[in-house]
Amino acid sequence: MARTPTLRAERALLREGHLLVAGVDEVGRGALAGPVSVGVAVVDASTRTAPAGLRDSKLLAPEAREDLAPRLRRWAVAHAVGHASAGEVDALGIVRALRLAGRRALEALDAVPCVVLLDGSHDWLSTPRPRGAGRTDPWVVRTQVKADLRCAAVAAASVLAKTERDGLLRDLAARDDRYGWAGNKGYSAPDHLAALRRHGACVQHRRSWRLPGLEEPAAAPSAGAAPAGVPQQATGREPEQALSGRMADHEPVVVPVLSARKGP
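Residue 1138 in the numbering used here is what sits at position 220 of the sequence shown, and the numbering runs on without skipping anything.
In case anyone wonders, no lab produced these hints; they're calculated from the structure.
Treat the hints with care, since some could be wrong.
[Said to hold, decoys possible] Here are the computed lysine to any residue pairs in the SDA-like style, where the Cα-Cα straight-line distance is at most 20 Å:
1) 1064 to 926
2) 976 to 1062
3) 976 to 1085
4) 976 to 1105
Modelling step: build the complete structure from the supplied sequences, incorporating the hints.
Next up, the structure:
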């Protein structure tokens, strides 16, 4: 039976003196098309037990996630979802694109969290700095393996990011139904791979990746080819400002942060 996430870790951080604790999780990292998305759910000392049925988004049926998402928005002190487009994944590489999406989500909040609880063992969210240099971010990142299974705020962030990204892929599918995105959400499902072989890649694909079914990346950087389905190393500076715009099927643009809320 799946573990029910609790606020045990979040409350331990609050007892350390942090006023706001944010759970953060990402979705879409391994997709072949569409944005990578990062969800944030903030809790404080007054936050009650999470709504019944909360689990990591991967363990929930789509209908259960859609039913849970509005209840999680009411439960959290604040919440947001940030996105980085396929074009940004190509330009920056997947880790820096994740950082950009996460910063967009955090900067959309009305209140800045003191500490961020991040799923996994790798801190991809903090701004890189030279060894010994001081921290520049307004929050401290704490990583925890399987936080999406154990921590209610992280599980909530996962559900919010997943439902919002799924909605974006359904919208894209309504404008271009060749790739089956409404069902496969941009991942490497058989129908998606068959469509790639039939139609080739479009602007919503991560075209610096060696996409299955295509002989070579459609817009590969100068670095050597990566293994199938794995992003190539990107070069260039990370954008200093988060641009925003609507995803279009004729040009790679940045996906805007779509939701942010602060309140009881």
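Which numbered conditions among the earlier hints are violated in the structure presented, ordered from lowest to highest?
-> As far as the earlier hints go, not one is violated by this structure.
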